[in-house]
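S.K.: If you want the building blocks of each chain, they are given just below.
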Amino acid sequence: MSNEEGYVTDDGRKIGGTLMEMKNITLRFGGVKAITDISFDIKEGEIRAIIGPNGAGKSSMLNVISGFYVPQEGEVWFKGAKRPPMKPYQVAQQGIARTFQNIALFEGMSVLDNVMTGRLNYMKSGLFQQAIWKGKAEREEVENREVVEKVIDFLEIQSIRKTPVARLPYGLKKRVELARALAAEPMLLLLDEPMAGMNVEEKEDMSRFILDVNDEFGTTIALIEHDMGVVMDLSDRVVVMDYGKKIGDGTPDEVRSNQDVIDAYLGVSHD
Amino acid sequence: MPTQLLFGTEVLLNGLMAGVLYALVALGFVLIYKASGIFNYAQGVMALFAALTLVGIMDGQVPFSHLINAVLGTEVHHFGWHINAVVSIILTMGVMIILAYCVQQFVFRHLVGQEPIILFMATIGLAYFMEGFGDLMWGSDIKKLDVGLPQGGSFWIEDNSRWLGFGNEDFYGFFIDKLDIVATGIAAILVVVLVLFSQYTKQGRAMRAVADDHQAALSVGISLNFIWVMVWSVAGFVALVAGIMWGAKSGVQFSLSLIALKALPVLMLGGFTSIPGAIVGGLIIGVGEKMFEFTIGPLVGGATENWFAYVLALLFLVFRPQGLFGEKIIERV
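One line per chain: the protein sequences are S and B, in this order. Reminder that position 222 of the first sequence reads as 222 in the UniProt record's numbering, one-by-one numbering, no gaps. Reminder that position 232 of the second sequence reads as 232 in the UniProt record's numbering, one-by-one numbering, no gaps.
Careful, some of the hints might be misleading.
Footprint (simulated), chain B over chain S, 3 or more residues, beta carbon under 8 Å [stated by the list, open to error]:
{"hint": "1", "region": "75–89"}
{"hint": "2", "region": "103–110"}
{"hint": "3", "region": "115–123"}
If you are wondering where the hints come from, they were derived from the structure by calculation, not from laboratory data. Keep in mind the model is a prediction, meaning the values are calculated, not measured. Cβ atoms here follow ideal geometry from the backbone N, Cα and C, with glycine treated the same way.
Turn these sequences into a full structure, and let the hints steer you where they fit.
M.R.: Here's what the structure looks like:
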């Protein structure tokens, strides 16, 4: 089913062609191999999960996609073109937004300001125009504010828009981080353990938001998750990693019945 | 009104004015510290360098003239023109931006992620380099800086405050330096502009974002390098303003760079991360040291101005290490 062209999911959503392709990625930290020769693709409009036990290299993989790590070997293809080594901010400017496992928000700023930073790349007016706050700069601010307000409404955080982020509880912080990533209207949204440390209710909320984002804006989503149950419900296709290697790739059902995956999760000795 | 009270008021006013100048220098520190976590020891030297460059450009001095003359055996010193103050200030700002770019490109770009102490040491090196470079470029003699700011006591204030003495023969009205008044006004404008810039512009927002969390800033597409060059440029601008004020007051000379030391207690009072803190801290130090000298000074033989600020800072370090406005230091375990 993972053919070059798109496919149709069980619930009838049309998935497009390949948006991003990782080809034989190997990432080393000194002598330690975090990722060994992994290839997979992400298609337009799908929810793609990367799962695996602790230390499997999932976060490293996400960091390779978002440019925080540069792999020693392998190629990253985005929108049909090979991506040269890039700085994380350049990757972000290409339309890839992300959240972090241990929340990286601007603690000193309000929720609204945080989400506004997601729009920085859409503001093209120069320093001088910004300084005198006329014409283009003013128009841009208004336009971007509209997008931001839409995202804030969508994620139901209107009531805390003016609150400094440092005062928010964990679950809401996660949601604000998602809002900031969404405000960038990304082509590809990367979520690093969006449900980590949440209670059941918060997990359900977050799952609903992820599905809604995909549905409403058609955003392609790649997410890392620990919780097998949540992942199987959410995602269209799953990559399973263990000890830096890919041990499974396919629909949740295919992956569930894969013997290697079962072994990895139940802890069969590696010999 | 008794003479003592009148004199005390005058001391207070003069203290406030001096405080504004301290605050100006402290402001430069805060900007860089907030955005990059670098405690910039070179801020004072930057003020000196800016003032030297300004004088050099205004007087049409040939940069590196001593070096050129020594190597080529020529006798060039001046281009023979004088440049208008406003134009010179703009040109000097250009030089400060180039300097900011070089500092980032050749020094701090290579030190990203290093320990704060390493970054601090780098700024000490930078301070000595710039001091020597400034000397080499413009010569080490004391220069007069005249950008047309008013000087001397304000007769208007003196004349119009004389009635406060109510016939007291010893009181001739308040003596307040015009330059101090101008400096206060300029510092106030500068602070308002900086606050507006950081709150309401795209670049200001990016600057605050970088100050808050580097990783998060990268993930929304902000180039750290660009922001750091910008911050050093803004700090260079603040240094230029401070350099003009101090230079106009006491001449452009090496001792100008020592005002950085006066900014240290200001920062300890106001907190290293707060722009309003730098202002309030500066005022408290300015007023505090003048009032202390006025009231307690005679009892202990004077010269308290030299140490008062540091003792006050020491007390703050003991009882409120984050300063008046600094972010509270809470370590979650």
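S.K.: Next, verify each hint and record whether it holds.
M.R.: Okay, the hints, checked on the actual structure:
1. Using a Cβ-Cβ cut-off of 8 Å, 3 residues of the region 75–89 of chain S lie near chain B, which meets the minimum of three, so the contact claim holds.
2. Using a Cβ-Cβ cut-off of 8 Å, 6 residues of the region 103–110 of chain S lie near chain B, which meets the minimum of three, so the contact claim holds.
3. For the region 115–123 of chain S, the stated coverage by chain B is satisfied: 6 residues place a CB nearer than 8 Å to a CB of that chain, which reaches the threshold of 3.
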